[in-house]
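Using the hints provided, position chain B relative to the given structure of chain A.
As you go down the protein sequences, you meet chains A and B in turn. First residue of the first sequence: 11, per the numbering used here; consecutive thereafter. First residue of the second sequence: 3, per the numbering used here; consecutive thereafter.
Hints are computed from structural coordinates only; laboratory data are not their basis. Beta carbons: idealized from backbone N, C-alpha and C, even for Gly. Where hints are given, some of them may not hold.
[Stated by the list, open to error] Label-pair restraints from in silico Cβ distances: (1) A:T90 x B:I363: 42 to 48 Å; (2) A:G257 x B:G359: 54 to 60 Å; (3) A:E154 x B:L394: 54 to 60 Å; (4) A:E290 x B:P344: 55 to 61 Å; (5) A:K132 x B:G192: 39 to 45 Å; (6) A:D170 x B:R462: 26 to 32 Å; (7) B:P344 x A:T90: 27 to 33 Å; (8) A:Q209 x B:F163: 47 to 53 Å; (9) B:L546 x A:P143: 51 to 57 Å; (10) B:F163 x A:A151: 53 to 59 Å; (11) A:D170 x B:E155: 20 to 26 Å.
[Said to hold, decoys possible] Rough simulated footprint, nothing fancy, chain B against chain A, three-plus residues with beta-carbon under 8 Å: (12) 114-128; (13) 137-150.
[Claimed, not checked] SDA-like mimics (lysine to any residue), calculated; alpha carbons at most 20 Å apart, straight line: (14) B:K239 x A:T118; (15) B:K239 x B:A250; (16) A:K132 x B:K83; (17) A:K132 x B:F461; (18) A:K146 x B:A250; (19) A:K95 x B:F461; (20) B:K239 x B:Q176; (21) A:K95 x B:G376; (22) B:K83 x B:R173; (23) A:K95 x A:K146; (24) B:K239 x B:D46; (25) A:K95 x B:I405; (26) A:K146 x A:R130; (27) B:K83 x B:A188; (28) A:K132 x A:A151.
Listed here are the chains, written in short residue letters.
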Amino acid sequence: MTTTTTETTPVGGPTGPVLSATGVTMRFGGLTAVRSVDLEVHPGEIVGLIGPNGAGKTTFFNCLTGLYVPTEGTVAYQGTVLPPKPHLVTQAGIARTFQNIRLFANMTVLENVLVGRHTRTKEGLWSALLRGPGFKKAERASEERAMELLEFTGLAAKRDHLARNLPYGEQRKLEIARALASDPGLLLLDEPTAGMNPQETRATEELVFAIRDQGTAVLVIEHDMRFIFNLCDRVAVLVQGEKLVEGSSEVVQGDERVVAAYLGTPFEGAPGAEEVAEVEAAEAHAGAAAGAAAAAGAEAPSTTARTEDDQ
Amino acid sequence: MIRMTTTHGTAPVLPLPPAAARAATAAGAAATLASTFLAWTWTDDFPGDLTVTGYPGGLQVLTLVGALLTALFAAAGYGFKGLRWLTPAGTTAPVLWLALGTLGTTWYTITAISVQLGGLANLEPGGWAAGLASLATLLATLGLPADRATEEEKPTGWQRFTGSLAATAARPAQALPSWAEILVIAASFGIGLYVFTYGIDTEYGELFIGYLILVGFAFGALHRAGLIGRLTALTAKHRNVTLAAAFAAAVCFPFTQTNDQYTSVATNILIFATVALGLNVVVGLAGLLDLGYVAFLGVGAYAAALVSGSSDSTIGVQFPFWAAVLTGAAVSLIFGVLIGAPTLRLRGDYLAIVTLGFGEIFRITMNNLNGSTGPDVTNGSAGIPNVPDLNLFGFDFGIEHTILGVPVGRFGNYYLLMLVVTAVVVLVFRRAGESRIGRAWVAIREDETAATAMGINAFRLKLLAFALGAALAGLAGTVQAHVTYTVTPEQYQFAGPVPPNSAFLLAAVILGGMGTLSGPIVGAALLYLIPAKMQFMADYQLFLFGIALILLMRFRPEGLIADRRKQLEFHETGQLDVPEQRLPEAAAGVGTAKAEA
Numbered sequence: 011m012t013t014t015t016t017e018t019t020p021v022g023g024p025t026g027p028v029l030s031a032t033g034v035t036m037r038f039g040g041l042t043a044v045r046s047v048d049l050e051v052h053p054g055e056i057v058g059l060i061g062p063n064g065a066g067k068t069t070f071f072n073c074l075t076g077l078y079v080p081t082e083g084t085v086a087y088q089g090t091v092l093p094p095k096p097h098l099v100t101q102a103g104i105a106r107t108f109q110n111i112r113l114f115a116n117m118t119v120l121e122n123v124l125v126g127r128h129t130r131t132k133e134g135l136w137s138a139l140l141r142g143p144g145f146k147k148a149e150r151a152s153e154e155r156a157m158e159l160l161e162f163t164g165l166a167a168k169r170d171h172l173a174r175n176l177p178y179g180e181q182r183k184l185e186i187a188r189a190l191a192s193d194p195g196l197l198l199l200d201e202p203t204a205g206m207n208p209q210e211t212r213a214t215e216e217l218v219f220a221i222r223d224q225g226t227a228v229l230v231i232e233h234d235m236r237f238i239f240n241l242c243d244r245v246a247v248l249v250q251g252e253k254l255v256e257g258s259s260e261v262v263q264g265d266e267r268v269v270a271a272y273l274g275t276p277f278e279g280a281p282g283a284e285e286v287a288e289v290e291a292a293e294a295h296a297g298a299a300a301g302a303a304a305a306a307g308a309e310a311p312s313t314t315a316r317t318e319d320d321q
Numbered sequence: 003m004i005r006m007t008t009t010h011g012t013a014p015v016l017p018l019p020p021a022a023a024r025a026a027t028a029a030g031a032a033a034t035l036a037s038t039f040l041a042w043t044w045t046d047d048f049p050g051d052l053t054v055t056g057y058p059g060g061l062q063v064l065t066l067v068g069a070l071l072t073a074l075f076a077a078a079g080y081g082f083k084g085l086r087w088l089t090p091a092g093t094t095a096p097v098l099w100l101a102l103g104t105l106g107t108t109w110y111t112i113t114a115i116s117v118q119l120g121g122l123a124n125l126e127p128g129g130w131a132a133g134l135a136s137l138a139t140l141l142a143t144l145g146l147p148a149d150r151a152t153e154e155e156k157p158t159g160w161q162r163f164t165g166s167l168a169a170t171a172a173r174p175a176q177a178l179p180s181w182a183e184i185l186v187i188a189a190s191f192g193i194g195l196y197v198f199t200y201g202i203d204t205e206y207g208e209l210f211i212g213y214l215i216l217v218g219f220a221f222g223a224l225h226r227a228g229l230i231g232r233l234t235a236l237t238a239k240h241r242n243v244t245l246a247a248a249f250a251a252a253v254c255f256p257f258t259q260t261n262d263q264y265t266s267v268a269t270n271i272l273i274f275a276t277v278a279l280g281l282n283v284v285v286g287l288a289g290l291l292d293l294g295y296v297a298f299l300g301v302g303a304y305a306a307a308l309v310s311g312s313s314d315s316t317i318g319v320q321f322p323f324w325a326a327v328l329t330g331a332a333v334s335l336i337f338g339v340l341i342g343a344p345t346l347r348l349r350g351d352y353l354a355i356v357t358l359g360f361g362e363i364f365r366i367t368m369n370n371l372n373g374s375t376g377p378d379v380t381n382g383s384a385g386i387p388n389v390p391d392l393n394l395f396g397f398d399f400g401i402e403h404t405i406l407g408v409p410v411g412r413f414g415n416y417y418l419l420m421l422v423v424t425a426v427v428v429l430v431f432r433r434a435g436e437s438r439i440g441r442a443w444v445a446i447r448e449d450e451t452a453a454t455a456m457g458i459n460a461f462r463l464k465l466l467a468f469a470l471g472a473a474l475a476g477l478a479g480t481v482q483a484h485v486t487y488t489v490t491p492e493q494y495q496f497a498g499p500v501p502p503n504s505a506f507l508l509a510a511v512i513l514g515g516m517g518t519l520s521g522p523i524v525g526a527a528l529l530y531l532i533p534a535k536m537q538f539m540a541d542y543q544l545f546l547f548g549i550a551l552i553l554l555m556r557f558r559p560e561g562l563i564a565d566r567r568k569q570l571e572f573h574e575t576g577q578l579d580v581p582e583q584r585l586p587e588a589a590a591g592v593g594t595a596k597a598e599a
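Here chain B stands alone, though its shape is the one from the complex:
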C-alpha cells in the first residue's frame, strides 16, 4: 500500500519525494545498523563495554535492534512480497515510531556516555556515526507521506508531525487456519517472554532506560502497524489458548535464568501483580475505591507466619502448607467482611477515606501487639522472623533443584509456586467477572440506585467483592511470608518506596487498566521494575513516578490496557462501538487506533 502520489492531506512533514525519502530511510537504517559495530567510546568505564569494534554490546544491541526493525518496516512499506503482513494498517507511522525509538535509545546512550565520562570528547567516531545516522533516518522518515490525511486545512509542521504518528484502520485480515492462529499466539508469547526477560536481566540502569525507550516506541510502532490489533483479535478468539500460552511462557522464565538474582525480582513482581489483580476485583469490577488493600496481604502473611512453625511465632504450631494457605485466605476473608460490613454502606470518597484508615489501623495494631503495649501476638515492629522454607511432598523450596538440566534456585521454586497462586487468582477474576455476579458488580459501579432497582442487593454484592478481594490478597500473603522469611508491619504501608503498598497497588491497577485481566499485571511489572532498576535515581523516584502518572492520566486515562468499555468512556468517538461481528480484526483495529489518536 504505497501512495506514491502525495495528496494535500497526507503531505509529509519534510517535503521530499516519497521514493527518495524511502531510499534515504533504508540507507539511514543501514548506516545506523553498521555504526553499532564500531566502537562508541574509548574506555570500558561505561557499563556494557562499547569499545569493541565488530561486536555490538550493551546499549549498542538496542540500537542495532531498533535499526533492524526500522529497516524491516521500511521494507514492508515498500511493498516487498513476503513482508506485507507486517503492516496491515499504517506503513509510515510504524517506521516513524521506530526511527524515533532508535534515535531516542542512541542519543540517550551518547548522552549517558558524555555525562558519565565527562564530556563529548569521550565519544569515538562510531558514537558520532550512530548519532548522525539515527538522526538522518528520522529526517528521512519525516519525508514519507502520512498514512492518514489530516483534517486541518493548512496543517502546521507540528500538526503534520502528530498526524504522521497516527495510522489508518487495518485492512481486513486474511483468515488463517486455526492451528496457524494458535501458533501465532504462541510465537508472540515466546517473543514477549524474551523481551520481558531481557528487561528483567538488564544489569545496569542505563541499559534498562535504553530498553524502556526502545520497547515503548517499538510497541507504539507495532500498534500503528496494526499488529497489536491483529494479535488482540486473535487472543480474544482463542482465550483459553492465550491464557495457557501466557502461563507456559511464565513457567519458562526461571529456566532462562542462570542464578537467583533476577528470579527474586520476578517472584516479587508476581506477588505484586497477584495482589493488584485481587484489588482489581474490588476497584475495577465493583468500583469500590479501597486505599487500605495492602492490609489484607498483611493479614494473610501474618496468619501464615504464625502457623508456619517459625521459632518466633507466638503460636507454636506448624500447619501443612495447604492448611496455612486456607488459614491465610480465610482470616483475610473474615477481616474483609469485618471491615467491609460497616464501611460498605458508604459510597465513593467516604469509603476511600475509611479504608485508608483501616489500612493504617492494621499496621499500627500489628506494631502494638508486642507484649508491652498490647498482648504479645506479633512481636511488634520486630515482626515474625525465621519463617521456614516450605516443603511440599518432599520438595524443599529452600534449596536448589535441577529441573530438566537447569538449576532452579530458592526464588525459582517460589516463583513457580507463586505462579500457581497467580493462575488461581486469574481464573477467579475471569470467571467471577463473566457471570451474573460480575455483571451485578459492574452494574453497581455504573449506577448503584438503578442496580438496586433491578433487584440487586448492592450491599451484599459489594461485601462479596470486598471479601473475595481480601481472600485473594490473603492467598498471595501466605506465599509472601515464606518468600521474604520475615513478616513485619512496615511491609504493609499505605505508601512507600517498595511495592507492594496500597498506593502502588492502586496505581498498578489504574496504570494498567481497570477491570482488565492483563492490565494490573503489566502495571505491576512496570511499577516494580522501574524503581528496582533505577536505584541510581532513588531520590527522584517518587517524583518521576508522580510525573509519569500525571502524563498517563492526561494522555491515556483508561490505562495502558483498556477494555472496550473504558476506551469508549474516555474517548468519545461514535464509530467505535460498531459490533465486532463481521470484521472483528478491522473493528478492533479501528478501536485501538482511534483510542490512541
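In isolation and in its complexed conformation, chain A is listed as follows:
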C-alpha cells in the first residue's frame, strides 16, 4: 500500500471523540425514525452500526452528514458542533459513501476522485480563467493525491474509465476513494459490502483496516454480521430508531434483545433454547446464512415503516 506520504487531517485533542452525536432525533411528521440516539466515535476506532431493515440507520447517517436536519440533538466533530449542511460537514472532516452507489456516473474514475478533493482545494473561477502558476500547481497536486488514492484502492489502472462502466465491486471502492479524497477524520460507510461476494467482502475488510491504520476513524453500517464482528472495535445496535445496545462484538452477540430484534421473540410453547442455539451455530458458520436470517428477521418483528432510502 502506498500510504506513506498520506497525511490525514485530525487535529483535535488526542483523547476527545472524533464524532459525538447527542440525543439525535429525527421525526418525519408523526413518525420518529431516529429517537434520541447518542453515539461517539474515537480516533482510530472502527465502529459498527447494525440493526434490522428500517431501524433508522441510514436516516441516522443522513442526520450526521447534514443531509437531514435532525429534529433534536446535535452532532459534533472533534468537539465542534456541525451545522446541518452536507458540504460544511464534509469540509469539517466527515466523508461518506452511499447505500445505493452514487458516483458521478458519466465522469471518469480520476475525475470522480478529483471532485472529492473539492473541499481541500481553493482555486476559484478567476484562478481557472487566468491559469496562473498556482492553478497548475494545485491541479497537479490534486491529481497526484487522487492517483495515490486510486492506487490505494487498486483502481489506478482504470483512471480514464467512466465510473458507470466499472464493475459493481470497483464502483464501491471508487466511492470510498472519492470519500477519502476529502482527507476526512471520520469516514461513514453505508453498507460497503452490499451485493459483494465473500472475496470482495474480505478485500473491503482489508481496505477498511488500511483506512483505519492511516488514522481515519470509521463508522460503518452493515448487514453482514461476520464482516461487522471481524472489523469493529465497538458495535451499536439500532432497533426501531432507538439504540438498543452498544459494546464489543461479544457483548452485542450475546445480547438477547439483539437476537430478538433480528429473529423475533419466541412465542409460548415455541421452539426452545435448542433451536436458538442451532440458529446461532448456523449464524456462526456461514456469514451468508446470517445475512439471509437478517433479511428474514427484518420482515418478522417490526413494522417500523420508513424504508431506508437516503432521499
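This is chain B only, laid out in the frame that chain A set:
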C-alpha cells in the same frame, strides 16, 4: 483493403461481382461528372443558369463535386497507392454515402427544375443523363461488399443496406511528424472555411438545399472513411493549434466577401453562437435548464444602448466602448444573480418554468418602462434606436475600410469585433470547464446530493454558473446593440422566427451537443442559416424545424458533436470506453463509428 472474396456476412445489397461493381461505380461517377458539362434545362428562368454546355453552373457544380468525390473514394477503395490514406476505416460505406449524396443533390435539382418550370419537359437531355448516371452509380455502389459483416443470419435487403452504410474501425494511423499534423489541421480548417463560406454565399434557396444535402452526405462519408476520427484525434492532440486555426479561419471570412450582404449573416451567426456557448455553461456544464436565457442578452444590449450616447437614450451619457462592455456584462451578471438567487434552490423542471417566466418578465418590463405605464427608461416597444456606430482608436466601425487591399464593410468590422468576443467566451468556457469549478458543475449535473456530500456548495456553484452565463450573454449583447442599431423588447422573446431567442438558443445547444465547445457553434450556424436561406418556405419553417429536432433526438440524442460522456450515455456499448492511451486514433474511430451505428 479490398475484399475480393464476398463472404456471407459482407454480401452486398445487389449480387454483383465485386470487380464489376467497382468498375461500374467508377464509370457511373465519370458519367455523372460528364453530364454536369451538359445543359440540364433550356431556360435561365431556373436560378443558376444550367443551360450552358461545357461550363457547369450553380447546382451542377454540386453534382460535379459529388461525382468527383465518389470517384476519388472509389479509387481509394481500389487500393491506388497514393489514395489509401483517404480510407483508413471503411472503403465501401464512404462511396455509398457519396453516391447517395450525389443522387440526392442531382435528383433534387431535377425535381426543382420540373416543379419550378412546370413539368419534366423542361429538362434537357443533360438533365436526364445526370439523373440516370447518378442512379447507375448508386446501384453499382450497392454491389460493393459491405465493410462490416452483419450479425443477422439471413439479412433482409434493408438490413444489408443499412449494414453497408456502417464502417469498420479505422486501422491504426501512421505517426506523422508534428509539423505535418499541424499542417493537416490547418488545411482542414481551410477547407472547412471554404465549404462554410460557400454555404453562406449561396444566393438562392435551391442551391442552399442542394448544398445541405451534399455536405450532409459527404460528412457522413468522411466519417465512415475514418477521416473525421483521424482529424478529431489530431485536434485533441493539438488543441491550442486547433483553436488558433479555427480563429484564423474565422478571421479570414470577411476577406473572402466582396460585399456586406453575407457578412451581416455571419455576424448574426456569431452573436447567436456566442450566446449559445454562454448558455452551454449553464445547461451543458451545470445542467441547469434555463428557458429565459435570451433575457440576459437583452440586459446587456439595453445596458449598452443606454450608455451608448444614442439620441434616444434616456440617460444622456456616452461611455467608451470598453466601459460599455463592462457595464453590459456587469448589469447582466447582477441580473443573473438576482434571478438565480431565489430560483436556483429549485431543481429540474421547476427551474425551467421559473426561468421561462423571468425571460418573459424581462421583455414585458422593457415594454412597460415607457413613461406611461412605468418610469421612462426604455421607450417601451419603440426601443432605443440610433445606437451610434463604435469608434475604437479612431477606427470607425460604421464605414468601409480597406484592409490588405480587401474592402471590409460595416458588418465586416463588427464581425471581427464579435469574433474577439466569441474568442473570449470560448476561452472562458474552456478554462472554466476544465478546472475544479467545472468538475464541480458536472458533478452537480450528475448527482446533486452526492456532490454536496463531497463538500460542494451546490447552491453557490450553480449561482456562479448562472451568473457567468448571464455575463457572457451580456457581453455579446453589448456588441449586438451596435450591430442592430436598435434595441427593442421584441428581439428578446422566448420563441420567434428569428434567432436568437430562448428556444432557438436551447435548440442550438442541444442540437449541436451539450457540454462541448464546437457543438453550440455548429448548432447556431445551422439554426441561423437554414431559416435565413429558406425564406421561400417561411410558412413551414417552424414545422420543418420541429420535425428536424424530433428526428435528431431520435437518431442522435447526444447532438451533432458529442463529447465522450454523452456518447456513452446514449449508446450503451461496452467497448467504447477503452482508455485512449495506446491507440488514440483507433479508439476514437471506434467510438464515433459505434455511436453512429
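Against the structure, the hints:
1. A:T90 x B:I363: 42 to 48 Å: 44 Å, holds
2. A:G257 x B:G359: 54 to 60 Å: 58 Å, holds
3. A:E154 x B:L394: 54 to 60 Å: 46 Å, violated
4. A:E290 x B:P344: 55 to 61 Å: Holds, since A:E290 and B:P344 (Cβ atoms, about 58 Å apart) stay within the stated range.
5. A:K132 x B:G192: 39 to 45 Å: 43 Å, holds
6. A:D170 x B:R462: 26 to 32 Å: 30 Å, holds
7. B:P344 x A:T90: 27 to 33 Å: 31 Å, holds
8. A:Q209 x B:F163: 47 to 53 Å: 49 Å, holds
9. B:L546 x A:P143: 51 to 57 Å: 52 Å, holds
10. B:F163 x A:A151: 53 to 59 Å: Taking Cβ atoms as reference, B:F163 and A:A151 lie about 55 Å apart, which means the hint holds.
11. A:D170 x B:E155: 20 to 26 Å: 37 Å, violated
12. 114-128: Since three or more residues must qualify, the claim that chain B covers the segment 114-128 of chain A holds, with 10 doing so at under 8 Å.
13. 137-150: holds (count 7)
14. B:K239 x A:T118: Given pair B:K239, A:T118 holds - Cα atoms ~19 Å apart, limit 20 Å.
15. B:K239 x B:A250: 19 Å, holds
16. A:K132 x B:K83: Status violated; Cα separation ~56 Å.
17. A:K132 x B:F461: At roughly 17 Å apart (the allowed maximum being 20 Å), B:F461 and A:K132 satisfy the hint.
18. A:K146 x B:A250: 28 Å, violated
19. A:K95 x B:F461: 11 Å, holds
20. B:K239 x B:Q176: 15 Å, holds
21. A:K95 x B:G376: 43 Å, violated
22. B:K83 x B:R173: With Cα atoms ~16 Å apart, B:K83 and B:R173 stay inside 20 Å; holds.
23. A:K95 x A:K146: Given that 20 Å is the threshold and the Cα spacing comes to 30 Å, the pair is violated.
24. B:K239 x B:D46: 49 Å, violated
25. A:K95 x B:I405: 59 Å, violated
26. A:K146 x A:R130: Cα-Cα ~15 Å, so holds.
27. B:K83 x B:A188: The hint is violated at about 24 Å.
28. A:K132 x A:A151: 12 Å, holds
Hints 3, 11, 16, 18, 21, 23, 24, 25 and 27 from the list above are not met by this structure, while the remaining hints are.
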